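Enquirer: Sequence:
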Amino acid sequence: MLSYNRWRSEIAILMALGITTTASLPILIAIPATAKPQPYRIGQLFPSQRNPVTPRSTQVSVPSGTVIAVKSEDAEKIVVTPDETAPITLTITQPIRSSAGTILIPAGSQIEGELRPVEGGTQFIAKQLILKTSNRELPIEATSAVITETETIDNGTDVSRILKNAAIGAAAAGVLSELFGDIDLIEVLVGAGLGALGGLLLGGGEQAEVFVIYPETDLELTLDSELVLR
Numbered sequence: 001m002l003s004y005n006r007w008r009s010e011i012a013i014l015m016a017l018g019i020t021t022t023a024s025l026p027i028l029i030a031i032p033a034t035a036k037p038q039p040y041r042i043g044q045l046f047p048s049q050r051n052p053v054t055p056r057s058t059q060v061s062v063p064s065g066t067v068i069a070v071k072s073e074d075a076e077k078i079v080v081t082p083d084e085t086a087p088i089t090l091t092i093t094q095p096i097r098s099s100a101g102t103i104l105i106p107a108g109s110q111i112e113g114e115l116r117p118v119e120g121g122t123q124f125i126a127k128q129l130i131l132k133t134s135n136r137e138l139p140i141e142a143t144s145a146v147i148t149e150t151e152t153i154d155n156g157t158d159v160s161r162i163l164k165n166a167a168i169g170a171a172a173a174g175v176l177s178e179l180f181g182d183i184d185l186i187e188v189l190v191g192a193g194l195g196a197l198g199g200l201l202l203g204g205g206e207q208a209e210v211f212v213i214y215p216e217t218d219l220e221l222t223l224d225s226e227l228v229l230r
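So the sequence shown is residues 1 to 230, counted in my numbering.
Watch out, some of these pointers could steer you wrong.
Claimed, not checked - Calculated cross-link-like contacts (lysine-lysine; reagent style PhoX-like; alpha-carbon spacing at most 20 Å):
#, residue 1, residue 2
1, K164, K71
2, K164, K77
3, K132, K71
4, K127, K71
Claimed, not checked - Computed spacing ranges between beta-carbons, pair by pair:
#, residue 1, residue 2, range
5, E151, P87, 20 to 26 Å
6, G101, E151, 40 to 46 Å
7, N165, P106, 22 to 28 Å
8, S177, L229, 21 to 27 Å
9, E76, T150, 16 to 22 Å
10, S177, Q128, 26 to 32 Å
11, T217, E141, 19 to 25 Å
12, Q207, A145, 24 to 30 Å
13, G108, D154, 37 to 43 Å
14, S64, P87, 20 to 26 Å
15, K132, D154, 40 to 46 Å
16, R97, K164, 34 to 40 Å
17, E206, E112, 33 to 39 Å
By construction, these hints were calculated from the structure, which means they are not laboratory data. A quick note: this is a predicted structure, and the numbers were derived from the prediction, not measured. Here a beta-carbon is modelled for each residue, glycine too, at the ideal position from N, C-alpha and C.
Please put together the full structure from these sequences, using the hints given.
Expert: Encoded structure:
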């Protein structure tokens with residue numbers, strides 16, 4: 001009888017152990033695995049600093065090679081000698097736009113520069129852009145094509161045809177004054193007696209070579225380098 005009771009006690013103990021083990025399984029399975037946090041080393045970037053955001057550039061510019069149409073507000077043509085450097089201010093006749101159509105340089109803006117002797121002719125060299133809307137002054141690198149064709153003033157030249165509506169360079173004015181002798185060139189340039197000069201002949205076989213430049217057709221400019229507006 002004692003053996004039977006002992007056998008029942010052992011069975012009860014085994015069953016109790018089995019129940020306890022089974023009940024504890026969900027608890028063990030439900031515990032998630034966690035990684036041990038690692039301390040930052042000296043000099044190590046925080047996560048938010050590992051991929052810094054680079055701000056977008058706000059630079060606005062006109063690319064090299066852009067063509068700029070211009071004219072002179074002062075005269076229809078410009079007369080200079082082949083070795084003369086003459087300051088000239090030109091006015092932009094068509095707005096310069098971005099690829100999206102935004103006006104970067106408005107029409108009416110001015111370009112200051114000079115006609116300068118170069119090998120084979122004369123050329124306009126731009127120095128400064130003055131924006132119409134703000135009067136801001138910006139350095140600009142732009143040039144015209146080289147003008148190579150000269151005109152000879154000699155016996156039989158219709159001087160009024162050359163001088164009418166023209167801006168005369170200082171050197172050209174000096175040459176013409178010598179050729180005209182006693183003619184008051186200042187009166188001629190203001191247009192008081194241009195019609196009377198139609199039959200004027202230059203005496204003594206003297207002659208002069210000049211460039212007669214029409215800015216609207218001869219001085220179209222091309223940007224030689226990128227023009228940064230802001």
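Enquirer: Within 33 to 39 Å or not, the Cβ separation of E206 and E112?
Expert: Given about 34 Å between the Cβ atoms, the range holds.
Enquirer: Does the Cβ-Cβ separation between G101 and E151 fall within 40 to 46 Å?
Expert: holds, 42 Å
Enquirer: I want to verify a distance hint. Is the separation of the beta carbons of R97 and K164 within 34 to 40 Å?
Expert: Holds, at about 36 Å.
Enquirer: Return holds or violated for the Cβ distance of S177 and Q128 against the range 26 to 32 Å.
Expert: For S177 and Q128 the Cβ distance comes to about 31 Å; the hint holds.
Enquirer: If I claimed the Cβ atoms of S177 and L229 lie 21 to 27 Å apart, would that claim hold in this structure?
Expert: For S177 and L229 the Cβ distance comes to about 44 Å; the hint is violated.
Enquirer: I want to verify a distance hint. Is the separation of the beta carbons of K132 and D154 within 40 to 46 Å?
Expert: This hint holds: roughly 43 Å between Cβ atoms.
Enquirer: Does 37 to 43 Å hold as the CB distance between G108 and D154, or does it fail?
Expert: Once the Cβ atoms are compared, 40 Å apart, the range 37 to 43 Å for D154 and G108 holds.
Enquirer: Keeping to a limit of 20 Å between CA atoms, is the pair of K132 and K71 held or broken?
Expert: Given that 20 Å is the threshold and the Cα spacing comes to 15 Å, the pair holds.
Enquirer: Do the alpha carbons of K164 and K77 lie within 20 Å of each other, as the hint requires?
Expert: Within the cut-off at roughly 9 Å; holds.
Enquirer: Measuring from beta carbon to beta carbon, are E151 and P87 in 20 to 26 Å?
Expert: holds, 22 Å
Enquirer: When you take the CB atoms of E76 and T150, is the distance between them in 16 to 22 Å?
Expert: The hint (16 to 22 Å, Cβ to Cβ) holds, given that E76 and T150 are roughly 18 Å apart.
Enquirer: Taken at face value, is the distance from the CA of K71 to the CA of K127 at most 20 Å?
Expert: At roughly 16 Å apart (the allowed maximum being 20 Å), K71 and K127 satisfy the hint.
Of the hints listed earlier, the one the structure fails to meet is number 8.
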